[in-house]
Amino acid sequence: MTLQNDSGTDPSDILHFPCGVERMANGNTLVVDAGAEDGSGSKVMEVTPAGEIIWASRQGYRFAHSARRTPSGTTLVADTTNNRIIEVDGDDNLIFNSKEWEGGNGRLSDGSQLDYPNNIELAGDGLWMVTCRNSNRYVLVDRQGTVRAASQVEIKHPHNCSPLPNGCVLLADSDANVVREVDPDGRTLWEFAEGLNWPRDANRLPNGNTLIADSKNSRVIEVTRDGNIVWEFAVDYFANFYEAHRLDTGNTLISDQQQKRVFEVSQAGDVVWEFRNFQREQTVLEKLSNGFFKKRGPDGMPLDWSLATRFSEGGGRFVEGKNDYGNDVPGMEYDRAGGLYFHQLVRCEPGAKFTFAGSLATRDLDGFACLQVAFIDDLDGLLCDASLAPKGTALSGDSGWMSDELAVTVPERASHASLRVFLTGKGSVYFNELRWVPCI
Amino acid sequence: MNPNIEKKVTDSKKLIKDAFDRYPIDSLRVAWTGGKDSTLVLWLVREVCLQHNLPLPKCFCIDEGDMFDEVRDFLKKWEKEWSVDLRMIHNSDVSRAAGGQLGAEVKIRDLDERNRSEIGRLGYDDHSFSYEPESYVGNHLMKTVTCMRYLEEEKVAGFFEGIRWDEQGARADETYFSPRPATDFNPEHMRINPILHFTERDVWDAHHQYDIPICSLYLEGYRSLGARVTTKKVCDAPAWQQDLENTTERGGRRQDKEGLMAKLRDLGYM
Numbered sequence: 011m012t013l014q015n016d017s018g019t020d021p022s023d024i025l026h027f028p029c030g031v032e033r034m035a036n037g038n039t040l041v042v043d044a045g046a047e048d049g050s051g052s053k054v055m056e057v058t059p060a061g062e063i064i065w066a067s068r069q070g071y072r073f074a075h076s077a078r079r080t081p082s083g084t085t086l087v088a089d090t091t092n093n094r095i096i097e098v099d100g101d102d103n104l105i106f107n108s109k110e111w112e113g114g115n116g117r118l119s120d121g122s123q124l125d126y127p128n129n130i131e132l133a134g135d136g137l138w139m140v141t142c143r144n145s146n147r148y149v150l151v152d153r154q155g156t157v158r159a160a161s162q163v164e165i166k167h168p169h170n171c172s173p174l175p176n177g178c179v180l181l182a183d184s185d186a187n188v189v190r191e192v193d194p195d196g197r198t199l200w201e202f203a204e205g206l207n208w209p210r211d212a213n214r215l216p217n218g219n220t221l222i223a224d225s226k227n228s229r230v231i232e233v234t235r236d237g238n239i240v241w242e243f244a245v246d247y248f249a250n251f252y253e254a255h256r257l258d259t260g261n262t263l264i265s266d267q268q269q270k271r272v273f274e275v276s277q278a279g280d281v282v283w284e285f286r287n288f289q290r291e292q293t294v295l296e297k298l299s300n301g302f303f304k305k306r307g308p309d310g311m312p313l314d315w316s317l318a319t320r321f322s323e324g325g326g327r328f329v330e331g332k333n334d335y336g337n338d339v340p341g342m343e344y345d346r347a348g349g350l351y352f353h354q355l356v357r358c359e360p361g362a363k364f365t366f367a368g369s370l371a372t373r374d375l376d377g378f379a380c381l382q383v384a385f386i387d388d389l390d391g392l393l394c395d396a397s398l399a400p401k402g403t404a405l406s407g408d409s410g411w412m413s414d415e416l417a418v419t420v421p422e423r424a425s426h427a428s429l430r431v432f433l434t435g436k437g438s439v440y441f442n443e444l445r446w447v448p449c450i
Numbered sequence: 597m598n599p600n601i602e603k604k605v606t607d608s609k610k611l612i613k614d615a616f617d618r619y620p621i622d623s624l625r626v627a628w629t630g631g632k633d634s635t636l637v638l639w640l641v642r643e644v645c646l647q648h649n650l651p652l653p654k655c656f657c658i659d660e661g662d663m664f665d666e667v668r669d670f671l672k673k674w675e676k677e678w679s680v681d682l683r684m685i686h687n688s689d690v691s692r693a694a695g696g697q698l699g700a701e702v703k704i705r706d707l708d709e710r711n712r713s714e715i716g717r718l719g720y721d722d723h724s725f726s727y728e729p730e731s732y733v734g735n736h737l738m739k740t741v742t743c744m745r746y747l748e749e750e751k752v753a754g755f756f757e758g759i760r761w762d763e764q765g766a767r768a769d770e771t772y773f774s775p776r777p778a779t780d781f782n783p784e785h786m787r788i789n790p791i792l793h794f795t796e797r798d799v800w801d802a803h804h805q806y807d808i809p810i811c812s813l814y815l816e817g818y819r820s821l822g823a824r825v826t827t828k829k830v831c832d833a834p835a836w837q838q839d840l841e842n843t844t845e846r847g848g849r850r851q852d853k854e855g856l857m858a859k860l861r862d863l864g865y866m
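Keeping their order, the protein sequence lines are chains A and B.
According to our numbering, the first sequence is numbered sequentially starting from 11.
According to our numbering, the second sequence is numbered sequentially starting from 597.
The shape of chain B in the complex, shown without the other chains (with noise of 0.2 Å):
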């Protein structure tokens, strides 16, 4: 038993309640992946709403267009179980252009107007790109471009989503109720950050203290779920028996960036 999640759960709880009073909850979504970390939030969610007697929030879920079967099928199962209101979400205009095949080259005159637009807007200057799902231009397209158009389709005010602090640098300064203004391209929103405070330890040992659903893959030893082609597996370990704390949930090796200087100097580069 982790003392420290008890307290982690009720202040997440805390801000979702939060939430529920600053928006109609029927403008509210929850981003729902099929991970560990949205799965930890949709619960958390739920508990708040039965505590509560308040509806759950509806779900949508990107299928970025390589989803891992195992996933779709936590999904639908859990979809059930816990009668949440999913869509699935995708840039179908883009799969079309790629005749479906991962990896196909994608003439940009081929699309419809706006991603041909949000192209521009990236600085991206060829005629053609590859369906790369988690490519510069892939990721834009399948990923932001999709959740952006759903929020302006189903006029969102604000959605939760399971970030954390601890993934990495860039998410360091994000805060629980991060508002995202309009733009050409985005509606106002809100995004909602109920999670930031657990660690993936903690997030495991919620996981485990609670009883909360997990996707098998986990099982097998895959640490974080992205694109099926590019998601590696580590080690054959469940997630949580890793060594979470000397390595990253995404791959690669942690590197102590300030000693590499003394390194590049023994090394002679310069």
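Excised from the complex, chain A in its bound form (with noise of 0.2 Å):
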């Protein structure tokens, strides 16, 4: 039997997180969806232009990121969290996997291993050209996982890096905030950075212009080498699109992670198309509930509390400690330099004063842990960057039993709250007593 939704969406094809996208040769989009918050649903889909998801690859993906479509109808995917690039034919059977490089351990010619590969590009001659965000790097590299090249130049957690015609490399060169072109020998030939916010998409036009997708400044913008914005599209709420293609007829398709939308507009800004079927299945609650962890489900977990791994990198899991008193109480562990999250939602009305309070331990953390509210729009979109969401005091190391406050207004579009204990690094954090409190 196939589980349904009210609104008839089969669970498991609902795109929750849209990262790569691409218009096919056939008309239909291929969209690389990374995930639910749990770390769960990350798959490629294949949607027709009516919006009937018509194909699906489920290969067990963690925050996969980027797809493409082989001319021989094979979909290569950079699955991230995994670590791997693999390919799959129409029927979905996996038919290459990277992870037998080098006899079964997943090893480029030169040693290395593809960490955090976040994007794949066909580039011609049977080579794929493969960015990898923790390495800081691209390579260039055959199906056998031979290096023919790799970057030469320094790069900061780079999303996508695309090979040229010329034989240069476009690098959407995210933590740096500039696009750059650069030669094989890793000279620049041009860049582009005035006032970006983490590019993560960066696309040459067939009239020299770049097309750049500006993540947290919620835009795509046309770019001529004189460095002069042609065309832009932007929107007034916090997006943080991924991709973005330039279309034969002139329009762009875009993937909108915050909205979970892609969608096509026209160069005058409108929408022409748009596929979306996210539907949540976090209930919302009406105040915050179970937040001494009492009441907890068959299997341990606390009731009404969520563990969010998708940013997670494949680490982190959900412990149970104990207090100064010898008394149970949740926590989580972690062990790399992502981030995960326990938490709720709660509806709350803009304008509206809360006090999110609660008790935290850290032991032996080299990172930190706080309580965090991330505020959501009514279309489970963060209304900001959850860098930059509210946050209590930051614990590290082994803090003892600290209480902590934070005192936020809810603000204007916010639908509902995402109420977290954050943790991030090497360590553990224990917590307890968390407390939603509207201030009169």
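None of these hints come from the bench; they were simulated from the model.
In this text the structure is predicted, and so the values were computed from the model without any measurement.
We treat Cβ as the ideally placed atom computed from N, Cα and C, and that holds for glycine.
There's no promise every hint is true.
As the list claims (entries may be wrong) - Taking lysine-lysine pairs in the BS3-like style, the calculated list, with each CA pair at most 30 Å apart, reads:
no.	chain 1	residue 1	chain 2	residue 2
1	B	751	A	304
2	A	332	A	436
3	A	436	B	654
4	A	304	B	610
5	B	739	A	305
6	A	332	B	829
7	B	603	B	751
8	B	654	B	610
9	B	828	B	703
As the list claims (entries may be wrong) - Reference listing, derived: stretches of chain B covered by chain A, where coverage requires no fewer than 3 residues with Cβ under 8 Å from a Cβ of chain A:
no.	segment
10	627-641
11	728-742
12	824-833
To be verified - Beyond 12 Å from chain A on every Cβ pair, some chain B residues (computed):
no.	residue
13	603
14	611
15	616
16	644
17	652
18	665
19	679
20	684
21	686
22	692
23	698
24	701
25	745
26	787
27	810
Given two chains presented individually in distinct reference frames, assemble the corresponding complex, making use of the accompanying hints.
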């Protein structure tokens, strides 16, 4: 039996967090879903112009970011958190897996491994260009894992690096907030940085201009070689656009991570096509529930709370600990540089004031943990970058049990809040007595 | 010698004298925990009384159910030496319901009506809670409710306490005379805070400059004395020899909240 939600959409088909998107020769759109907040549901989907999902690949992906349909009809996927490139056929049979390189250890010919591969491009002659965010480089590889070329320039957490016909590479050098064209020796031939905030995709257009997804500015811009912005599509909400492509029609195809949609805009900026089927699976509660964690499910997990591991790069788990009096308290354990959070969704009205309070204790934490409130709109998009959302005191090391609280005013457009305990780095955090108290 | 201490002590004494002029002394109290701050406050109050030939106000100490023996011994010793009329106050209804065992589960239905209504006021909707004096429910019942009941019974107009501006953000806006209006649960009273302007360093300097007694736990490395189970030593050096300026009094580490933003971004959180 197939589970169906109220809208009739199979829950496994829900598009949660679109990353890569491309319009294929057959007119359909290939969409990469990085998955739900709990880390599940990452997949690649082929969507018709009518919005019908006619094909999907589900290969145990974790936070997959990018996919390309090859001329032979197979699909290559950059399966980001699994640190692999795979290829599937039209029946979603696995026909290639980079983990098989070097006799099964997944190493490239230079001894390295793919580390957070977040983009793959077809580079001609059977070669692929793979961007690896966490090793700050791109590599040009063949199917056997032989490195034919690699970036010769310092880049900071890049997203999409694309080969150009002239032999150069166009880099979305995201954390450096710049888009650059570099030659094989690493010399910069062109760059654009003015006003960019976390560009994650850049594509060279036939007219020589460059299309840039300027993610945290929630806009897509077309820039000339002289650095003039000649076209812009911007929205007045936090969209965190991921990828953008100019179509033959002159329209632009964009993936919008916060409103969980892929859409096409005309030159005039009118939305002429959209695919969005998001249905929230987590309940929004009327008030904070089970903040003292006494109600547990059969699996021992606190009821009404969930663990969000989408950004945890494959690490992190729920753990049980003891407080100073020997009583059970929930916690999280983590061991790397991404982030995870334990959270609950609670409805709230703009203008209302609340205090989010609780007790936390970090243990041997080389990183930090804190309380956090992330406000969300009625389309389930964050109202701002999560790193800017209100936070409590950051604790690290062996903090001992500390009480903390933060006061917030619900902003315009917010329909609910994600009340979180956030953790990053190596170590653990335990927490208890979480409270969301209206200020009268 | 810290040259600022004399001025700070003088200012504190003026505030205390001002309180004596505003309220009858028998309606005032000193909240004395045995910690360094409240012992400094009691010493200051006593000095003013000696200077003006006034009786020392009564003192109270909240026993939240998990006191260090060393603190009890300290209080007993100086209660006698300074002729203090000290009353230990305790929410015995809660400790009885917990069988006197810390960490035990207390059924709310086993409590008296006042404690039950206080739990309702917190918005706590479970049937039981753990008897942990510094937990959210425990702290309220064992400290706040105990204190308010005492103020009601004794018809206290105000009491001196040892909070300071530099302790934590929440206390940065406190005033020397901090009025508390009556509510359904609290009697109207005045909190008098004569050492708000002292830093943690000033408190130690004053103790040393005026030879004010301290509990032996500070010598062992404790910096702030709370409930026994939850109070930890950060190091073995005497409290006043620790890095008071760059670490927090209640453990943990002082953190740069603004710097987090960049760190979150570097870590790829979003």
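- So which of those numbered hints doesn't the model satisfy? As far as the earlier hints go, 1, 3, 4, 7, 10, 23, 24 are violated by this structure, in ascending order.
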